[in-house]
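Given next are the chains, with one letter for each unit.
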Amino acid sequence: MREMIRLFVVILIFSAVSGGLLTILHSKTEARIEYQELKFVKGPAIKQIMEGSSNDPLVTRFKLKDDTEERSFYVGIFDGDPNIVAFETFGKGYEGDIGVIVAVNVENDEIFGIGMTTNKETPGVGKRIETDVDFRLQFNELSIEESIKLRNDGGQIDAISGASLSSGGVVAAVGSAKEIYKRLKPEIIEKLKGFKT
Amino acid sequence: MAKSAVQEFTKGLWAEIPPFRLVLGLCPVLAVTKGVETGIFMGIATTFVLVCSNVIVSLLRKVIPKGVRIACFIVVIATFVTVAELLMQAFAYSVFMKLGIFMPLIVVNCIILGRAEALASKKGVGVSFADGLGMGIGFTLSLFALASIREIIGNGTFYEIPVFGESFQPFTFMIEAPGAFVSLGLMLCIMNLLGKK
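Which chain is which? The protein sequence lines are A and B, in order. The first sequence: position 120 = 120 (this note's numbering), numbered continuously. Convert by adding 1000 to the 1-based position in the second sequence; the result is the number in this note's numbering.
What the hints contain is simulated information worked out from the structure, not anything from laboratory work. Some hints here could point you the wrong way.
The calculated DSSO-like cross-link candidates involving lysine-lysine, where the alpha carbons are at most 27 Å apart (straight line), are [to be verified]:
1. K1098/B / K120/A
2. K1122/B / K47/A
3. K1123/B / K28/A
4. K1098/B / K127/A
5. K92/A / K1098/B
6. K92/A / K193/A
7. K39/A / K1098/B
8. K47/A / K63/A
Footprint (simulated), chain B over chain A, 3 or more residues, beta carbon under 8 Å [unchecked claim]:
9. 29-42
10. 128-134
11. 144-151
The beta carbon of each residue, even a glycine, is placed where N, CA and C say it ideally should be.
Extracted from the complex, chain A is given alone in its bound form (with noise of 0.2 Å):
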């Protein structure tokens, strides 16, 4: 019995002092991670979209509860008006999620460019989601009221030839971030005038 008792309090104590050690240390990490996942996975994909804006759209941001989760929102000021917001949303892909970048104008409820952050698709296959402008560019414009389907199911976005599961993967996102953008609407406007100069 006395045995087991040392075996308890052995492992209780490396497990508290390890415990103990980590909150310390993810303390004193936890900002400069923060900030590094926004500069490498959403940063590029932010700035890609937001090219011209007179802000820091990584700078200028803000957070909403939507039910149970926190979401981010990057804002990107076009002459002046805090029009544009960007969010993260996710579609099921060949392997995995994949991470894309919405952002809607919010004056005219259209969509004002994507960009891919997150995905482990084939390279060479359903990677070229990433490097395929065309592709891309084919979301800008369209409205948050239209339904945006793939070619083949009856809509109006041409998939990567090869790719088709991936480009469902982006155009799933792309749905998914309408919705968002639905539910959220008013609270998102509020926010936004917060950033008018």
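Chain B: place on chain A using the hints.
Then chain B, alone, in the frame of chain A:
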């Protein structure tokens, strides 16, 4: 003592170089040697964890009860893996993105647990440190060698710098999973030939 520490260090570099001689920890070896950069960083992270866990396990070898030693080793290893993961996220995020799931999976790398069980839990701190460092450097060199072959042939680049002219058509097979098996097999074959007297 001093002599045996040197021996412990050098055996990791050739006589027992992982994974070619020990053929342990193959899962990350196959997965992260797509590129030289990920290979080197994986090697450094593994070396860090290996050295730290060897030292701590060796220091605590009289405290750890036999019955729960594996559990204690895993707690120590997992702590250092998390430390390495957080640091890499904070300071080398682009590499962390490429390594992905294989960073946390260092916890179950059999080289690390194997060294803790077979050596560090029985020998002094100096020897354990030398062993960890030797094994770690050996592991890094192996990853570097394998990643060089795969990246040069499979992608035509070395550390993401092109090595061939424009006309080079990369042999993409080499950077996919099957290419990993083939190149690892060939490396093992060469190592066996060299080892034969």
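Hint by hint, here is what the structure shows:
1. K1098/B / K120/A: holds (10 Å)
2. K1122/B / K47/A: violated (55 Å)
3. K1123/B / K28/A: violated (34 Å)
4. K1098/B / K127/A: holds (14 Å)
5. K92/A / K1098/B: holds (20 Å)
6. K92/A / K193/A: Answer violated: K92/A to K193/A is near 34 Å, above 27 Å.
7. K39/A / K1098/B: holds (15 Å)
8. K47/A / K63/A: holds (18 Å)
9. 29-42: With 8 residues in contact (Cβ-Cβ under 8 Å with chain B), the coverage given for the stretch 29-42 of chain A holds.
10. 128-134: With 0 residues close enough to chain B, the hint is violated.
11. 144-151: violated (count 0)
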